[in-house]
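J.: Single-letter residue listing:
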Amino acid sequence: EAQVTQNPRYLITVTGKKLTVTCSQNMNHEYMSWYRQDPGLGLRQIYYSMNVEVTDKGDVPEGYKVSRKEKRNFPLILESPSPNQTSLYFCASQRKSAASEAFFGQGTRLTVV
Amino acid sequence: QQQVKQSPQSLIVQKGGIPIINCAYENTAFDYFPWYQQFPGKGPALLIAIRPDVSEKKEGRFTISFNKSAKQFSLHIMDSQPGDSATYFCAASRGPNSGGYQKVTFGTGTKLQVIP
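Read top to bottom, the protein sequences are chains E and R. At position 44 of the first sequence (counting the first as 1) the number is 668 in my numbering, and the numbers step up by one without a gap. At position 8 of the second sequence (counting the first as 1) the number is 129 in my numbering, and the numbers step up by one without a gap.
Don't read these hints as lab results, they were simulated from the structure. Check before you lean on any hint, since a few could be wrong.
[What the hints assert, rightly or not] Under the rule of at most 30 Å between Cα atoms (straight-line distance), these lysine-lysine pairs were calculated in the DSSO-like manner: (1) R:K224 <-> R:K126; (2) E:K689 <-> R:K126; (3) R:K179 <-> R:K126; (4) E:K695 <-> E:K681; (5) E:K681 <-> E:K642; (6) R:K189 <-> E:K720; (7) R:K136 <-> E:K681; (8) R:K136 <-> E:K720; (9) R:K192 <-> E:K681; (10) R:K232 <-> E:K641; (11) R:K136 <-> R:K163; (12) R:K179 <-> E:K681; (13) R:K189 <-> R:K126; (14) E:K720 <-> R:K163; (15) R:K163 <-> R:K179; (16) R:K224 <-> R:K178; (17) E:K693 <-> R:K189; (18) R:K179 <-> E:K720; (19) R:K126 <-> E:K693; (20) R:K178 <-> E:K720; (21) R:K189 <-> R:K224; (22) R:K178 <-> R:K136; (23) R:K126 <-> R:K178; (24) R:K179 <-> R:K192; (25) E:K681 <-> R:K126; (26) E:K689 <-> R:K179; (27) R:K189 <-> R:K232; (28) E:K642 <-> R:K126; (29) R:K163 <-> E:K681; (30) E:K720 <-> E:K695; (31) R:K232 <-> R:K178; (32) E:K695 <-> E:K641; (33) E:K642 <-> R:K189; (34) E:K720 <-> R:K192; (35) E:K720 <-> R:K126; (36) R:K126 <-> R:K232; (37) E:K695 <-> R:K126; (38) R:K224 <-> E:K695; (39) R:K136 <-> R:K126; (40) E:K689 <-> R:K224.
Predicted model only: the values in this text are computed from it and were never measured.
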């Protein structure tokens, strides 16, 4: 089954404690992205990757890091989480084509206290 | 800068009604307009999409209307059902002829509730 898998689904952490949210896709897609979803603000792109070792900032990259060492994996790293990073996070993948369908993971609900 | 404005933020209709969600964009370089549907606890999923060379596209009970001159597009759900209750996002990007990765800009979402 074609899917994007995120882990964990839920996470509560304390301010400043480094964390990683994993994302893996099994569709051999070149493009991968991270979004955060907040009430009234919709989906905002954090980072994206066009291929292995190729990443770039989205609209709200501050406080986040990503890496793309393998085509299937695109982890999101919060080196020093703060309460304003409490949000619902989604990973997405797309095949290498403009205007291709974005396939989203199930989401990770992060709470930073 | 919000490049895709979506309204209303929430919408309640009775079963069989026709909810309409509206979106407006600013960037005239956009030429691909997808709609995504998100159920609680799930990620968004592509519902329907339109290119600006047509004014309307139908897929089942879902219809996109597109007004290029006004830079507006809308989603209509005919004969709405309780199972259509979800959050709907409009989006925009540069289309297939642009080449390479094209960022998708999403609207702020509309939470639709269809009551029996």
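J.: If a hint holds in the structure, say so; if it doesn't, say that too.
T.: Hints, one by one, checked against the model:
In summary, the hint linking R:K224 to R:K126 is supported, as the alpha carbons are separated by about 16 Å, within the 30 Å threshold. A distance of roughly 28 Å separates the Cα atoms of E:K689 and R:K126; the hinted pair therefore holds under the 30 Å criterion. In summary, the hint linking R:K179 to R:K126 is supported, as the alpha carbons are separated by about 22 Å, within the 30 Å threshold. A distance of roughly 18 Å separates the Cα atoms of E:K695 and E:K681; the hinted pair therefore holds under the 30 Å criterion.
Straight-line distance between C-alpha atoms of E:K681 and E:K642 comes to about 20 Å, which keeps the hinted pair within the 30 Å bound. Of the pairs offered as hints, the one joining R:K189 and E:K720 holds, with about 27 Å between alpha carbons and a cut-off of 30 Å not exceeded. Of the pairs offered as hints, the one joining R:K136 and E:K681 is violated, with about 42 Å between alpha carbons and a cut-off of 30 Å exceeded. In summary, the hint linking R:K136 to E:K720 is not supported, as the alpha carbons are separated by about 40 Å, beyond the 30 Å threshold.
As the CA atoms of R:K192 and E:K681 are separated by approximately 27 Å, the hinted pair is consistent with the 30 Å bound. For the given pair, R:K232 sits about 34 Å from E:K641 by alpha-carbon distance, which is inconsistent with the 30 Å threshold. Proximity of R:K136 to R:K163 is assessed by CA-CA distance (about 23 Å); at most 30 Å being required, the pair is judged to hold. Straight-line distance between C-alpha atoms of R:K179 and E:K681 comes to about 35 Å, which puts the hinted pair past the 30 Å bound.
Distance hint between R:K189 and R:K126 is fulfilled; the C-alpha atoms sit about 15 Å from each other, no more than 30 Å. Under the criterion of a C-alpha separation no larger than 30 Å, the hint pairing E:K720 with R:K163 is consistent with the structure, at around 24 Å. Between R:K163 and R:K179 the CA atoms are separated by roughly 24 Å; this keeps the pair inside 30 Å, and the hint holds. For the hint linking R:K224 to R:K178, the alpha-carbon distance of about 23 Å falls within 30 Å, and the restraint holds.
Annotation: proposed proximity of E:K693 to R:K189 is violated, straight-line Cα distance about 41 Å (limit 30 Å). Simply put, R:K179 and E:K720 have alpha-carbon atoms about 26 Å apart, close enough for the 30 Å limit, and the pair holds. For the proposed pair R:K126 and E:K693, the alpha carbon gap of about 36 Å is over 30 Å, so the pair is violated. With a CA separation close to 25 Å, the supplied pair R:K178 and E:K720 stays within the 30 Å bound.
Taking the CA atoms of R:K189 and R:K224, the gap is near 20 Å; set against the 30 Å cutoff, the hint holds. Between the alpha carbons of R:K178 and R:K136 the distance comes to roughly 23 Å, so the proposed pair stays at or under 30 Å and holds. Between R:K126 and R:K178, the direct Cα distance comes to roughly 20 Å. Compliance with the 30 Å bound is thereby established for this hinted pair. A hinted pair counts as satisfied when its Cα atoms are at most 30 Å apart, and R:K179 with R:K192 qualifies at roughly 19 Å.
Between E:K681 and R:K126 the alpha-carbon distance is near 22 Å, which keeps this suggested pair within the 30 Å criterion. This hinted pair does not check out: E:K689 and R:K179 have alpha carbons roughly 40 Å apart, beyond 30 Å. With a C-alpha separation of about 25 Å, the suggested pairing of R:K189 with R:K232 holds against the 30 Å cut-off. The straight-line distance between the Cα atoms of E:K642 and R:K126 is roughly 35 Å, outside the 30 Å bound, and the hint therefore fails.
For the hint linking R:K163 to E:K681, the alpha-carbon distance of about 25 Å falls within 30 Å, and the restraint holds. Between E:K720 and E:K695 the alpha-carbon distance is near 12 Å, which keeps this suggested pair within the 30 Å criterion. At roughly 22 Å between alpha-carbon atoms, R:K232 and R:K178 fall within 30 Å of each other, so this suggested pair holds. Between the alpha carbons of E:K695 and E:K641 the distance comes to roughly 27 Å, so the proposed pair stays at or under 30 Å and holds.
Restraint check for E:K642 and R:K189: not satisfied, since their Cα atoms lie roughly 46 Å apart, outside the 30 Å limit. Among the hinted pairs, E:K720 with R:K192 is consistent with the structure: their alpha-carbon atoms are about 27 Å apart, no more than 30 Å. Note on E:K720 and R:K126: the hinted pairing holds, with a Cα-Cα distance of about 27 Å set against a maximum of 30 Å. Restraint check for R:K126 and R:K232: satisfied, since their Cα atoms lie roughly 15 Å apart, inside the 30 Å limit.
Distance hint between E:K695 and R:K126 is unfulfilled; the C-alpha atoms sit about 33 Å from each other, more than 30 Å. Restraint check for R:K224 and E:K695: satisfied, since their Cα atoms lie roughly 19 Å apart, inside the 30 Å limit. Note on R:K136 and R:K126: the hinted pairing holds, with a Cα-Cα distance of about 27 Å set against a maximum of 30 Å. Note on E:K689 and R:K224: the hinted pairing holds, with a Cα-Cα distance of about 18 Å set against a maximum of 30 Å.
Checked against the numbered hints listed earlier, the structure breaks hints 7, 8, 10, 12, 17, 19, 26, 28, 33, 37; every other hint is satisfied.
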